[in-house]
Amino acid sequence: MMGRNSERGGTGGLGDLDDMYEAIILDHYRSPRNTAPVDSPDVDIEVNNPFCGDEFHIQFRLEDDAIAEVGITGRGCAISQASASLLAELVKGKSTGEVRAAVDSIRRLLKGEKITDEEADVLGDIEALGGVRKFPVRIKCALLSWVGLDDALKEHLAR
Amino acid sequence: MMGRNSERGGTGGLGDLDDMYEAIILDHYRSPRNTAPVDSPDVDIEVNNPFCGDEFHIQFRLEDDAIAEVGITGRGCAISQASASLLAELVKGKSTGEVRAAVDSIRRLLKGEKITDEEADVLGDIEALGGVRKFPVRIKCALLSWVGLDDALKEHLAR
Amino acid sequence: MSISDPEIVTRSRRFDVDAIRADFPILSRKINGQTLVYLDNAATSQTPRQVIGALTDYYERMNANVHRGVHTLSIESTEAYELARTKVATFINAPEPESVIWTRNTSESLNLVASTWGQANVQAGDNIVISAMEHHSNIVPWQQLAAKKNAELRYLGVNADGALDLASIDSAIDSRTKIVAVTHMSNVLGTVVPIVELARRAHQAGAVILVDAAQSVPHMPVDVQALDVDFLCFSAHKMLGPTGIGVLYGRKELLEEMPPYMFGGDMILEVTYEDATWNDLPYKFEAGTPNIADAIATGAAVDYLTELGMDNIWEHEQRLTAYAVNQISKLEKVKILGPKDPSLRGGVISFIHEAIHPHDLGTALDRQGIAIRTGHHCAMPLVRSFDVVAAARASFYIYNTESEVDALVNGISEAERYFIR
Amino acid sequence: MSISDPEIVTRSRRFDVDAIRADFPILSRKINGQTLVYLDNAATSQTPRQVIGALTDYYERMNANVHRGVHTLSIESTEAYELARTKVATFINAPEPESVIWTRNTSESLNLVASTWGQANVQAGDNIVISAMEHHSNIVPWQQLAAKKNAELRYLGVNADGALDLASIDSAIDSRTKIVAVTHMSNVLGTVVPIVELARRAHQAGAVILVDAAQSVPHMPVDVQALDVDFLCFSAHKMLGPTGIGVLYGRKELLEEMPPYMFGGDMILEVTYEDATWNDLPYKFEAGTPNIADAIATGAAVDYLTELGMDNIWEHEQRLTAYAVNQISKLEKVKILGPKDPSLRGGVISFIHEAIHPHDLGTALDRQGIAIRTGHHCAMPLVRSFDVVAAARASFYIYNTESEVDALVNGISEAERYFIR
Ligand SMILES: Cc1ncc(COP(=O)(O)O)c(C=O)c1O
Ligand SMILES: Cc1ncc(COP(=O)(O)O)c(C=O)c1O
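Protein chains in written order, with the numbering used here: chain G, 5 to 163; chain X, 5 to 163; chain B, 37 to 457; chain P, 37 to 457.
Read the hints as simulated data drawn from the structure, not as lab findings. Be aware that a few hints might be false.
[Said to hold, decoys possible] When the alpha-carbon atoms are kept at most 25 Å apart in a straight line, the in silico DMTMM-like pairs for lysine to aspartate or glutamate are as follows:
1. B:Lys184 <-> P:Asp311
2. B:Lys369 <-> X:Glu117
3. B:Lys184 <-> P:Glu132
4. P:Lys371 <-> G:Glu123
5. P:Lys66 <-> B:Glu115
6. B:Lys184 <-> P:Glu292
7. X:Lys115 <-> P:Glu112
8. B:Lys185 <-> P:Glu306
9. G:Lys144 <-> B:Glu452
10. P:Lys184 <-> B:Glu310
11. P:Lys371 <-> P:Asp311
12. B:Lys184 <-> P:Glu112
13. X:Lys138 <-> B:Glu452
14. X:Lys138 <-> P:Asp162
15. P:Lys184 <-> B:Glu293
16. X:Lys144 <-> P:Glu134
17. B:Lys185 <-> B:Glu293
18. X:Lys115 <-> P:Glu438
19. G:Lys144 <-> B:Glu134
20. X:Lys158 <-> X:Asp125
21. G:Lys144 <-> P:Asp423
22. X:Lys158 <-> X:Asp46
23. B:Lys184 <-> P:Asp423
24. X:Lys144 <-> P:Glu115
25. P:Lys123 <-> X:Glu117
26. X:Lys158 <-> X:Asp108
27. P:Lys184 <-> B:Glu134
28. X:Lys138 <-> P:Glu132
29. P:Lys185 <-> B:Glu293
30. P:Lys184 <-> B:Asp52
31. X:Lys144 <-> B:Glu293
[To be verified] Label pairs and their calculated CB-CB ranges:
32. B:Asn186 <-> X:Glu159: 47 to 53 Å
33. G:Arg65 <-> P:Asn186: 47 to 53 Å
34. X:Lys96 <-> B:Ala160: 16 to 22 Å
Just so it is clear, CB atoms sit at the ideal spot from N, CA and C, and this is done for glycine as well.
Excised from the complex, chain G in its bound form (with noise of 0.2 Å):
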């Protein structure tokens, strides 16, 4: 054990910390995007972890059945914040059918199955999200902004 700590010295020692930790996560980590409070919301949801703790809170406006306006605030990891950002930065302008369609490849993504390039394209940055796939107990970071929009929009149309 002796020297352990001049060994790993340095700053080359969370190497493949980078694996999930894409510098896109950490940019959305650090400045998350569409915070602001969106004026009477069509839907309006809280969503939590109660094993992490993390918390958002998704508000959005349609128009015409696309998303107008979307603010998301709330506290949790880095995965969960920056995954939150990504999905606001996504759905603006998209129509429900889009978002819905797009939740249901970053589900796919994070499970390991395979998504079509069209798939991708529509995620864009977010494929930076996959990296995940490596650390298994984090994939519910990921994924829970995007469940909880899910599940409202889900609850909406049906309304």
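Guided by the hints, dock chains X, B and P with the ligands onto chain G, whose structure is given.
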């Protein structure tokens, strides 16, 4: 595994079984003593060990605090049957105090504790039961009728 | 159990008992100077080095508390623990892994159902149907439940030849029957019980059926969907696995409705100082740190059995049982309990010697290195119904041989020479 | 815990951590290319080869079902199983072995008491007193019992510094208090709770006291008679033992009056088709085939701890904890929960990083081979009372070293360099 049969054939196979089933025990098992029922007994009890199903019916009649007549019947393994028969032989003519002292001796004998020469004299043949010590699960069989008798005496004397 | 299927007969040629025996370190142990002949498999089975190795490997390489840990050991142990659950689910053909709950043993599985499902579903005036050949663990929880709920406990009968009395089904199961809880194979008589028929009758009456599979899952193919059963209970220690772990399979819809059994740890979703909510299946029924190592080792036991093939195992035991029934029957003073026809029973043979008490016989056999069980086999009322209080029992498994049966028969003769003069 | 006793200081010189580490195969494992630094001992401890060897030895040499078997293997396994019970009884200074009941884990021990003793003794209008720093397993069973019985669940408070609020005893414990159930050491804060004082107060009020000793028995001398407690619960897997086995100690007079918890197998004295009676202690509470192998391995763990000396272990951890509190406190962005004074706490250190979420910190440390736990530590209401939902936790045991503490502190700095720019 082959040839096992011949390997262990002959009659020598049960050699150290004799440690437990000494000749005296086999004798009492095959021809138990004092099995006749007692008329108007002072003590009349059933003892049983539900785990092996051994069951004995112990009766005796007292005269001036001495056991005048005793009858024990029942079913059980060789050890419990021989032990009951040995008990019946021992108690006849003994005072209740002497009997309870003998029960105490045999309990200690079976626990592996030392007994005095005087105690050994009182027990006589019964010391043969000591061989059961090597077979802990069978100690209960050896003690069954003794414990029953002791409880019955205790209760009788308390009346 | 299609033992006449030609494909399977071919495979069984590869059922190499010598090779199997080499996997079990204990089988080379000497007992009183003789090589162990282990015929107490209905009480507990022996453990192959593959299962012992799974335990050792767990503690030497990945021991960590499961679920929610973000460090490597915890991730690995969680995966191995859940993989073992999946293996068990596949083994009994459960539709999904989350309907497999880890318990301590068959007894706990049975108590869990009686306490939670029973508590929620059995009302005054209802009845519970079990059979007269149940193990205490599948009698007493129902006696207690019936007493508490003012319900009636009914028994399916057992014929003199040890078979289930099918006629008794008609009077026992009716519209007030809430659950039929029966053994798949008697641990005293070896009788195999017709579960498919009982499941049909139970469901017809609107009842659920629970199967005590402690003696079947280790020895024959068991498919919960083909049997159409609602609950199935068994213990790893009787199927090459470790002590301390058992299984409750339950139909998912039933498990989801049932209240939890114990509280704390993994079974919790959320707690406040005032209240708590429950985690999803299967965790709802797994309170506290689970028996991680033994679950993983149970997975290794399932792998071992699967590789041998449950059809082959059943066929091997059928052959051995037929041989043993035949040889033991030649002993004049010995009476076998239960079906004589080997195709109606598994490899559990209880017998009574007319002149030697079972305990004396057991001790005499032990002196010859032969381990059998003696006593009431936790089925007192059944054993008593044969007018005895104790019996001797030899029970077989994958590593037993005909020459071990010969050793048993010879050993009984030796005991006769010793005790009867 | 007389750690200033000169005799003990002398002995502690012989507390040779390098030699101890050599007994734990897992400690030489590489994680992500780095030697494992295992700091998740409050979740589960690692297993020395002596304990693994006890398991292997059991399955290779004497595996058999216990109690009532007349064959050699069964006699040997029964003796080994009961010897292990006696070792545990001696370890906690229980007056007799039969007041030691084997369970699956601390959670089951707690549920057992809440279900049986609680069921029989708590009535409407009574109250149950626990503390605000309990593990879920010592909260939820009492919430359930209180709800069922219309009794009140009261909480002893926790101060901002993580100590038990002694003033809250006066208002919590009164003549309607039936049981006081408290942790001996918090698995989040490390706080050591003054059990002797609480036992005195509970008994004064006519209540019994139960102690959740999951975090104390592994780390400090615990004497049930000196503490004067009525029930004590702990798990083998946190004290070098295997998973799947725990202990309930109970005062014999209480255990004797309690109804059984589960039914079947060894806990039975006699069964008829109508009714059943119970076996004596401890078997009354041990239904079905017990976890024989793990009980025996727990005996081996107790031997290992006893040989090291619980005073020495406590002293070693006190020293390490003082060092760790000191070093971690130097990190500006890190806040330690619980007592700062090392003499008021054990080697469980939970902390919060003001900029890094515990899960990210846990993952970053894991990449460096350092295993800590992150989350709510099954104490959600307590963790929330510190206005967070999750915390990181490092916890120590006999094999941990100061250089491992250095690795942790350095690892946190690495994570800061990675996440904070
Ligand atoms: C204080 C405390 N109580 C109870 C438990 C539950 O122990 P187990 O999971 O072994 O049942 C733990 C362990 O997590 C604990 O730390
Ligand atoms: C038919 C049957 N049911 C239940 C049990 C109880 O199993 P366990 O002791 O593993 O709980 C047994 C084993 O003895 C059995 O044979």
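Going down the list of hints, with the structure as the test:
1. About 13 Å separates the Cα atoms of lysine 184 of chain B and aspartate 311 of chain P, which keeps this hinted pair within 25 Å; it holds.
2. Between lysine 369 of chain B and glutamate 117 of chain X, the direct Cα distance comes to roughly 40 Å. Violation of the 25 Å bound is thereby established for this hinted pair.
3. A threshold of 25 Å between alpha carbons decides the hint, and for lysine 184 of chain B with glutamate 132 of chain P the separation of about 33 Å lies outside it, so the pair is violated.
4. Distance hint between lysine 371 of chain P and glutamate 123 of chain G is unfulfilled; the C-alpha atoms sit about 44 Å from each other, more than 25 Å.
5. Distance check on the hinted pair: lysine 66 of chain P and glutamate 115 of chain B sit about 19 Å apart at the alpha-carbon level, within 25 Å; holds.
6. For a cut-off of 25 Å, the pair hint linking lysine 184 of chain B to glutamate 292 of chain P stands: about 21 Å separates their Cα positions.
7. Among the hinted pairs, lysine 115 of chain X with glutamate 112 of chain P is consistent with the structure: their alpha-carbon atoms are about 17 Å apart, no more than 25 Å.
8. Between the alpha carbons of lysine 185 of chain B and glutamate 306 of chain P the distance comes to roughly 22 Å, so the proposed pair stays at or under 25 Å and holds.
9. The straight-line distance between the Cα atoms of lysine 144 of chain G and glutamate 452 of chain B is roughly 68 Å, outside the 25 Å bound, and the hint therefore fails.
10. Using a Cα cut-off of 25 Å, the hinted pair lysine 184 of chain P and glutamate 310 of chain B holds, with the two alpha carbons roughly 14 Å apart.
11. Between lysine 371 of chain P and aspartate 311 of chain P the CA atoms are separated by roughly 60 Å; this puts the pair beyond 25 Å, and the hint is violated.
12. For a cut-off of 25 Å, the pair hint linking lysine 184 of chain B to glutamate 112 of chain P is broken: about 39 Å separates their Cα positions.
13. Only pairs whose Cα atoms come within 25 Å are accepted, and lysine 138 of chain X paired with glutamate 452 of chain B is accepted, the gap being roughly 22 Å.
14. Only pairs whose Cα atoms come within 25 Å are accepted, and lysine 138 of chain X paired with aspartate 162 of chain P is rejected, the gap being roughly 52 Å.
15. About 19 Å separates the Cα atoms of lysine 184 of chain P and glutamate 293 of chain B, which keeps this hinted pair within 25 Å; it holds.
16. Restraint check for lysine 144 of chain X and glutamate 134 of chain P: satisfied, since their Cα atoms lie roughly 18 Å apart, inside the 25 Å limit.
17. A distance of roughly 19 Å separates the Cα atoms of lysine 185 of chain B and glutamate 293 of chain B; the hinted pair therefore holds under the 25 Å criterion.
18. The hinted pair formed by lysine 115 of chain X and glutamate 438 of chain P fails the criterion: a straight-line CA distance of about 51 Å is larger than 25 Å.
19. The hinted pair formed by lysine 144 of chain G and glutamate 134 of chain B meets the criterion: a straight-line CA distance of about 18 Å does not exceed 25 Å.
20. Simply put, lysine 158 of chain X and aspartate 125 of chain X have alpha-carbon atoms about 24 Å apart, close enough for the 25 Å limit, and the pair holds.
21. Note on lysine 144 of chain G and aspartate 423 of chain P: the hinted pairing holds, with a Cα-Cα distance of about 23 Å set against a maximum of 25 Å.
22. Taken as a hint, the lysine 158 of chain X and aspartate 46 of chain X pair is honoured in the structure, with Cα atoms around 13 Å apart against an allowance of 25 Å.
23. With a C-alpha separation of about 45 Å, the suggested pair lysine 184 of chain B and aspartate 423 of chain P falls outside the 25 Å cut-off, and the hint is violated.
24. A distance of roughly 15 Å separates the Cα atoms of lysine 144 of chain X and glutamate 115 of chain P; the hinted pair therefore holds under the 25 Å criterion.
25. About 22 Å separates the Cα atoms of lysine 123 of chain P and glutamate 117 of chain X, which keeps this hinted pair within 25 Å; it holds.
26. Among the hinted pairs, lysine 158 of chain X with aspartate 108 of chain X is consistent with the structure: their alpha-carbon atoms are about 13 Å apart, no more than 25 Å.
27. For the suggested pair lysine 184 of chain P and glutamate 134 of chain B, the alpha carbons sit about 29 Å apart, so the restraint of at most 25 Å is broken.
28. At most 25 Å may separate the alpha-carbon atoms for a hinted pair to count; lysine 138 of chain X and glutamate 132 of chain P meet this at roughly 24 Å.
29. With a C-alpha separation of about 23 Å, the suggested pair lysine 185 of chain P and glutamate 293 of chain B falls inside the 25 Å cut-off, and the hint holds.
30. With a C-alpha separation of about 57 Å, the suggested pairing of lysine 184 of chain P with aspartate 52 of chain B is violated against the 25 Å cut-off.
31. Among the hinted pairs, lysine 144 of chain X with glutamate 293 of chain B is inconsistent with the structure: their alpha-carbon atoms are about 47 Å apart, more than 25 Å.
32. One distance hint, 47 to 53 Å for the beta-carbon pair asparagine 186 of chain B and glutamate 159 of chain X, is violated here, with the actual separation near 37 Å.
33. Judged by the Cβ atoms, the range 47 to 53 Å given for arginine 65 of chain G and asparagine 186 of chain P holds: they are separated by roughly 48 Å.
34. A hinted range of 16 to 22 Å for the beta carbons of lysine 96 of chain X and alanine 160 of chain B is inconsistent with their spacing of about 57 Å.
When held up to the earlier numbered hints, the structure conflicts with 2, 3, 4, 9, 11, 12, 14, 18, 23, 27, 30, 31, 32 and 34 and fits the remainder.
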